[in-house]
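Enquirer: Below are the chains, spelled out letter by letter.
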Amino acid sequence: MIELNNVVKTFKVAGRTVRALDDVTLRVPSGKVVGVIGSSGAGKSTLIRCVNLLERPTCGEVRVAGQNLLELSTLDLAKARRQIGMIFQHFNLLSSRTVFDNIALPLELAGERKPAIAQRVRELLELVGLTEKAESYPSSLSGGQKQRVAIARTLAPNPRVLLCDEATSALDPATTRSILGLLRDINQRLGITILLITHEMEVVRAICDFVAVIDNGRLIEQGAVHEIFSQPQSEVTKRFLESSHQVSVPREYEGRTQLDFDDAKTLLRLEFSNSIGQGAVIAELYRKFQVSGDIVSAHLETSGGVKHGVLLLELAGEQESQTRALDYLKDQGIGAEVLGYV
Amino acid sequence: MSEAMLSLFLKGAWETVVMTFLSGFFGLLLGLPVGVLLFVTRPGQFLEKLLVYRGVSVLVNIFRAIPFLILIVWMIPFTRFLVGTSIGVKAALVPLSIGAAPFIARLVENSLLEVPAGLLEAARAMGASSFQIVTKFLLPEALPSIVNGMAITLISLVGYSAMGGAVGAGGLGQLGYQYGYVGYDAVVMNTVLVVLIGFVFSIQAVGDALSRRLNHR
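In the order they appear, the protein sequences are chains A and B. Residue numbers for the first sequence follow the numbering used here, so the first one is 1 and each next one is one higher. Residue numbers for the second sequence follow the numbering used here, so the first one is 343 and each next one is one higher.
Hints may contain errors.
Claimed, not checked - Residues on chain A that point at chain B, a partial pick, calculated with CB under 10 Å:
(1) L75
(2) L77
(3) L94
(4) S95
(5) P157
Said to hold, decoys possible - Cβ-Cβ distance ranges computed for the label pairs, FRET-style:
(6) S142(A) with W356(B): 48 to 56 Å
(7) N403(B) with S169(A): 35 to 43 Å
(8) F543(B) with S142(A): 36 to 44 Å
(9) G386(B) with C59(A): 21 to 29 Å
Rather than coming from a laboratory, the hints here were simulated on the basis of the structure. Beta carbons: idealized from backbone N, C-alpha and C, even for Gly.
Bound-form chain A, shown alone:
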């Protein structure tokens, strides 16, 4: 549905040229949800703006629904853009229009007739669950409600593609979940293809089928979400995966950990990022090496049918058994890091 071929975008900043996008090639299959993840300044914002030509690529090709957008006249581009909806981090609603009139706006632009507009707006209000707010102004709505209005507005002309520019980054976690749920629903019920950019792994995990990782203007890794999550290749991807595991050493351990073994227990940080069952591995560990363990904290998730996450384990037993246990873990392909001894 969306095809970016060897897209390059350069900016002139204070006299020198910056490559915001460097030879980016990306495909978004019809009916799928694709996420591009990257830290701020990685070029993801430029990337999504190149899809509807809010930014014109310096070179390369942009195709949406088979149309080469760069070849279109201004008028045809405006028409093509009606098929490409976009929602934003800061919603970008008109403060001077009511919820109803905001949703009606793209239909007015397209020159639809009033009764047809009213009917369509009512359908959309129902879809996003804001029927009672039709006559309210955006300033009286919560962030989540504003984004729902923005989504309804974007869906009004029946687009085939939806671009989401950090659509949940200004929202709290609960609201984020409900907006992501709505997007997933729209994707499945209406078959709308979604391309989103984000800096949060949770967003990718929650709704994406495919993910691409962007760093320094380059797509360094892309594939199905479960593949990338189970076998991340690049350091950047690994960092993103790690950052989404919210496991830290509890405060009461911080003062107690020491650097020498000294007959103590080992505080281990185990990373599961492939298909090995954590339960089985730990059971095996206890049985084979006469060690015992206590789980301090853990963050484990399943996405794309693959379990991954981080586990902090307090390992007790003879020093030799502990060393052998550690070697065993490494042989199993589990990232094991000794954080200290307690």
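Given the coordinates of chain A, assemble chain B onto it according to the supplied hints.
Expert: Chain B only, in chain A's frame:
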């Protein structure tokens, strides 16, 4: 105050109202498109045209630099050509409108600058034409601020029209000048002042109320 004086007052007040609001209206008619042009051709805007922007900007600055009293005199040939006379309310409307227009253009440009850039991005993403961006997005969103700016403009015009009165434009200015400054009638002069102050306060109050009503931010 005699009955004759009272009728002079009513006539003067009416002329001041007409001059203020009509020149405000014509000034807006001229200034609004120029303000929009200044905004859309600005560097980085969606119809960026540096040459147009600089040219119009210089022209606006030149007109804003001319002191109003000199503008009236300087424009006399043009005023005669346009309305056939250089004396009276009709004649005063020409320099008043021309004097207000560049001021209004800058106010409009500034009001448009307050519209969040993200909104224009959304407009372009929606496939809005440049004309639609101006009429459906920019102007409605900037309206409360433009109304505030117009209140300021009209208040300046009350003052300008009084200045025009001194050189034969009619209105309360002329009354105050003739009976106050030349004839030194303290009652007339002070009454003119009080009425002008009343005008200014009313315009500000109506402007504030209207802007507040239109503002849903």
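Enquirer: Check the structure against each numbered hint from earlier and tell me which ones fail, lowest number first.
Expert: none
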